[in-house]
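J.: Residue numbers (the working numbering), protein chains in the order written: chain E, 1 to 295; chain A, 1 to 295.
The reader is advised that the hints may include incorrect statements.
Since the list can't tell identical chains apart, any single copy or any two copies may satisfy a pair.
Here are the simulated DSSO-like pairs of lysine-lysine, each with C-alpha atoms no more than 27 Å apart in a straight line [said to hold, decoys possible]:
id, residue 1, residue 2
1, Lys104, Lys23
2, Lys253, Lys270
3, Lys123, Lys21
4, Lys54, Lys224
5, Lys21, Lys253
6, Lys112, Lys270
Source of the hints: derived by calculation from the structure; they are not laboratory data. Quantities reported herein were computed from a predicted structural model and do not represent experimental measurements.
Number of protein chains: 2
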Amino acid sequence: MRRLAALSALALIAAAQPAPKPKTPSEIIAASKPAEWAAIPADDLLVMDLASGKRVVVQLAPEFAPVHVANIRRLARAGYWQGAAIYRVQDNYVAQWGNNESEKPLPAGVVKTPPAEYHRALKGLRILPLGSPDPYAPAVGFWRGWPVAYDPRRGTANLTHCYASVGVGRGLSPDTGMGGELYAAIGHGPRHLDRNIAVVGRVVSGIEHLSSLPRGTEALGFYKDRNQDVPIASVHLASELAAPARPRFEYLKETSASFAAWLHARKNRKDDFYIRPAGGVDLCNAPVPVRPITP
Amino acid sequence: MRRLAALSALALIAAAQPAPKPKTPSEIIAASKPAEWAAIPADDLLVMDLASGKRVVVQLAPEFAPVHVANIRRLARAGYWQGAAIYRVQDNYVAQWGNNESEKPLPAGVVKTPPAEYHRALKGLRILPLGSPDPYAPAVGFWRGWPVAYDPRRGTANLTHCYASVGVGRGLSPDTGMGGELYAAIGHGPRHLDRNIAVVGRVVSGIEHLSSLPRGTEALGFYKDRNQDVPIASVHLASELAAPARPRFEYLKETSASFAAWLHARKNRKDDFYIRPAGGVDLCNAPVPVRPITP
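Please take these sequences and the hints and turn them into a complete structure.
T.: Following this line, the structure appears as structure tokens:
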């Protein structure tokens, strides 16, 4: 108890509240109904097992970067990332992995120079607006579990760079990267990269295994020596794994009542810990709830 | 060279540009004049040496939380954090340190229940506006090297929770924390904590030694076992150290021409890598340049 008392620093943020108090975001999630969640297809889950035994799972976004995602699926199925490694970890920016030094031959069907899938048509997306101002885009919101920025005047939409977003490393334009070198954001969402690079998904599990890696000491966070690289054991699509071994995840639908309540609570934290609700929220501080599906 | 070519993924963001091209933020900083920088007083630098030999330096903000900062200075001078540890690391949130389990007696002069220094009067601050919309506050900007949110109507201003911001752990209000338990933000800026907790400064050097620590597996990122704690060797004010041993830092004045050019470049990245400048920036993606003063 003494320890708990001392820990009280911040620890009470998520403490349980008496009934009449406003619910915390986590309490709202806990009280949600199963039908408010949507399962993520097994073909959209990229499972990266590090040699250390730690697992990182990325949800792919074929609706936003179809050619890049098709490439990534082909690379995964062909075992392209066997022997690959995490070779760059830049503090407050990205962890990046791939084949780096090797010029591995590409599997059949991989498009070497994909189009610039940096944004897509807004048409066809029914976006739930965040309802808070954004420094980077005319509007931002959610669609099928994704954080999206959009411009109704131009009719475009793009996935945003938030914590755990995954994008495709590239050289200078018109090179868009073919998908072999991927990075995940591990600091404050680098939104200035939005619309300048192909975002292909986000880490839905295990981001802490990337964010807690030692930072590289070379320029841009590259590791100095190849023996500092963090080896990757395998990268597979969940759909390649035997059904019982597949990791499964679901996201809270933005069309659900629980999502609306959760977003409201994120904007207006008002449990025992919070005194002054902000009345607004940054898109990247409202990460769509994703959870494992347990059998 | 082959390695460089393969690395080109993202690596070219900061590559040098031919003369007529717009300068990158780093090039603007490199070309700034010495008089555009202001030295940080030695009494405002809290030097935390971890037992591992790694050093974290925090700049204190007496202009925003004078009673808490006075407490922290007293605690440092009295050796309060000898035997202290980092005992909580929550992914995409905070690393927290202090004396946790012990109920160490407080040195003389420490105010046990400081006032709620969550914001201050706007009067007296000459803030350079960021000029981009903010989801949390009517306006945001910079004052003497600090990122600040403010409300001209209410006449209040507060330090914001950005990456590397340092705040005072507390229990439930009216407890404001006396300053013995501190945390640094290690993920996307938790701006919802603004105006709900005392921000006392920011890490100006060594944040990567906190952000790369193993995440705690208990609720809220607390380490499960005390032997997982990361021991702190000492915490001193730079002013306590012999002059030659003092770490010294300076920040780029927001009143300088280089700051204006740097902020413009942060909003409008337009070097060889960037194709579409955002035209705006998040306050937390414009961290005020701070650098060591080398003799």
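J.: What label fits Lys112 with Lys270 when the C-alpha limit is 27 Å: within, between, both, or neither?
T.: Intra 51 Å, inter 26 Å, cutoff 27 Å: inter-copy only.
J.: I want to check one pair: Lys123 and Lys21. Are their C-alpha atoms no more than 27 Å apart within a copy, between two copies, both, or neither?
T.: neither (40 Å within a copy, 36 Å between copies)
J.: Please sort Lys253 with Lys270 into within, between, both or neither, judging by C-alpha distance up to 27 Å.
T.: within (24 Å within a copy, 37 Å between copies)
J.: Are the CA atoms of Lys54 and Lys224 at most 27 Å apart within a copy, between copies, both, or neither?
T.: Close inside one copy (23 Å) and across copies (19 Å); limit 27 Å.
J.: Given identical chains, is Lys104 near Lys23, meaning Cα to Cα at most 27 Å, within a copy, between copies, both, or neither?
T.: Neither, since 52 Å and 35 Å both go past 27 Å.
J.: Between the shortest in-copy and the shortest cross-copy C-alpha distance, which are at most 27 Å for Lys21 and Lys253: within, between, both, or neither?
T.: Classified as within; 25 Å inside a copy, 45 Å across copies.
Hints 1 and 3, counting from the list given before, are not met by this structure.
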